[in-house]
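K.L.:
Spelled out from the first residue to the last, the chains are:
Protein chains: 2
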Amino acid sequence: MSEAKNEGTNLQLFLKRIPQGVAGPDDFEVRETEIPQIGDQQVLVQAHYLSVDAALRLIVRDSDEFLFRIRPGDMINNTFAGQVIESNNADFHAGDYVLAPLGAQNFGVTNGADLEKIDTSQAPLSGWLGGFGTSGLTAYFAIFEECKPQPGQTVVVNGAAGAVGTMAGQFAKLAGATVIGITGSAQKCQWLTEELGYDIAINYHDRDWFDQLEAAAPERIDVIFDNVGGDILDQSLKHIATRGIVLLCGSTSQYAQDEMVGPANYIWLGTMRARMQGFVVFDYADRYADARRRMAQWIADGQLKLPEYVIDGDVGDFPRAFQGQYEGKNLGKMLVRLPAAR
Amino acid sequence: MSEAKNEGTNLQLFLKRIPQGVAGPDDFEVRETEIPQIGDQQVLVQAHYLSVDAALRLIVRDSDEFLFRIRPGDMINNTFAGQVIESNNADFHAGDYVLAPLGAQNFGVTNGADLEKIDTSQAPLSGWLGGFGTSGLTAYFAIFEECKPQPGQTVVVNGAAGAVGTMAGQFAKLAGATVIGITGSAQKCQWLTEELGYDIAINYHDRDWFDQLEAAAPERIDVIFDNVGGDILDQSLKHIATRGIVLLCGSTSQYAQDEMVGPANYIWLGTMRARMQGFVVFDYADRYADARRRMAQWIADGQLKLPEYVIDGDVGDFPRAFQGQYEGKNLGKMLVRLPAAR
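First to last, the sequence lines map onto chains F and V.
Heads up: the first sequence runs through residues 3 to 344, numbered per this note's numbering.
Heads up: the second sequence runs through residues 3 to 344, numbered per this note's numbering.
Some hints here could point you the wrong way.
Identical copies go unnamed one by one, so any copy, or any two together, can satisfy a pair.
[Stated by the list, open to error] Result set (DMTMM-like, lysine to aspartate or glutamate): computed pairs, CA atoms no more than 25 Å apart in a straight line:
| # | residue 1 | residue 2 |
| --- | --- | --- |
| 1 | K240 | D64 |
| 2 | K240 | D285 |
| 3 | K240 | E67 |
| 4 | K240 | E148 |
| 5 | K240 | D66 |
| 6 | K240 | E261 |
| 7 | K307 | E196 |
| 8 | K150 | D285 |
| 9 | K175 | E147 |
| 10 | K175 | D213 |
None of these hints come from the bench; they were simulated from the model.
Remember, it's a predicted structure, so these values are computed and weren't measured experimentally.
One chain only, chain F, in its complex shape:
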């Protein structure tokens, strides 16, 4: 990784208009501004990697229904991994690596309260945005604390090759479960079983994907780790096991739909005494450090990977990366690597 660069301009990404369908480059606008000056107690942070999150699509909808919203003219919400350039805050020093929820831009200023220090001896900088960051922690606590699959139980992860799915499948394997991944291409299926230890992977573009799922889970499904919602969740619900758990982690198939659709087979939850439950990783914030110590050990032992799919570019390449994620290009966490990291 090169030394942090500070070349005089800051690129910032704004929402230009409410997207129709999956958001594309025309829905965003890049603006070039001055690198901000810091005041008393403030910290200047330079971004190295931008996180690309599918859930962004949910908050750029033309709807006030959700708790958080980005409107046309607002900067795109983003957490980046980067480095402190300048600090008037005793808690941070130039050169510190940090996670910074400062938006999609090259430079951000903060009083430091929202920064999280990164220990690159545990995992590389980019990993802290993905498998070692919120995506990985989400999968970790969802599997080990919410779903608690037992050895021999069957866990189905959909969106299996995504940022959270790749981690959830690995954690479910570490818990001793049989893990079935559902994903969108034969290439991804091969990668899931050969590289990530999934027992079985199913391409949902196959006409008989549901028959494949039935055959793969003859004793029904104890845990559905749901990242996508829509038809894949709906069909899978027909095979939920008695007292099974549907862990709602995301609904990527629905975020760009004008009218979201719920799973009609939710009524199977009744018959099977099963539950469909939400989960918010931030409730476990006081245990992140413990989780990361355990994950770092697994990484060191070769038992855990932090898959990432990196697009080299600048702030203006974020929309293309975002679109690529909805096209299923990524294996693992989608990131934009900025000039400062190259």
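Starting from the known structure of chain F, fit chain V onto it as the hints suggest.
P.N.:
Structure of chain V alone, referenced to chain F:
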């Protein structure tokens, strides 16, 4: 109640064809047969009350997806409350009152293993099919064991005037919760608040029913006791509280639909760390006696009612009663009172 009559013929109700829409009289067929003879160890039971259950509509669908199904030509599944007429089984004697899952007919024969004895000192015979039977036990264990509302919490019961809803609302009140009922007419609303102790009742035919719900639950909804599914569940989900529970008890709005629809707002479960869960009362079978002792005490103390809506008729009047239930005619459990009980 008159002495049991045994007048020489047995009326039995069969499914004639797969219903379109809500089932009506033309979908059923009454057949007149001989009163059956009992063999060794067998018991002859005469029906006094037929239970009319909305869920019947789900099992007469043209679908093999569900665990149990009635096909054209099959007798209609029914549990009746009645009296033993003749017994070759030492466990039962003529005159015993029993719950008998022997179908929609006047007389049934069994080896006794499926009969449940009724103690009419705890609750009247008809009550054992409704508030003191499966409907009431479902509400009891769902509220006290699954949802466990705390004093001051808000419970919304939809299908509030139905067999289960009437009991769930009363139990939630006994647990100290604020109870909001959703039902289908102003008359029912008045009855819920004046007779059953609901704090607020909302008529979902009102254009502003959802605004009324928002106003009634300013601190959001801790428990949604869902008997109906569909739009009422879907809209209510927008107001689920943090760690709220949606108890899935029924989906009556969906049973007669060609294509069932799931609740699109299930994604609110994620944001709110809430859960939507199934429940099967039979899991608590070994505790029914305890529950009924407690319920009998509440009844004796005037704290609990067993609402029922009785149609006087014979086996052939069951379809009309069933249709009436889908038209929302009933306050409480819908029953057909047969000649033997009059």
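K.L.:
A separate judgement is required for each hint: does it hold in the structure or not?
P.N.:
Going through the hints against the structure:
1. K240 / D64: between (33 Å within a copy, 17 Å between copies)
2. K240 / D285: between (30 Å within a copy, 21 Å between copies)
3. K240 / E67: between (30 Å within a copy, 8 Å between copies)
4. K240 / E148: Close inside one copy (21 Å) and across copies (23 Å); limit 25 Å.
5. K240 / D66: For K240 and D66, only the inter-copy Cα distance (12 Å) is at most 25 Å; the intra-copy one is 33 Å.
6. K240 / E261: Answer is both: 23 Å inside a copy and 15 Å across each meet the 25 Å cutoff.
7. K307 / E196: within (12 Å within a copy, 62 Å between copies)
8. K150 / D285: The answer is both: 17 Å in one copy and 22 Å across copies each meet 25 Å.
9. K175 / E147: Intra 15 Å, inter 33 Å, cutoff 25 Å: intra-copy only.
10. K175 / D213: Classified as within: same-chain Cα gap 23 Å, cross-chain 47 Å, threshold 25 Å.
In this structure, none of the earlier numbered hints is contradicted; all agree with it.
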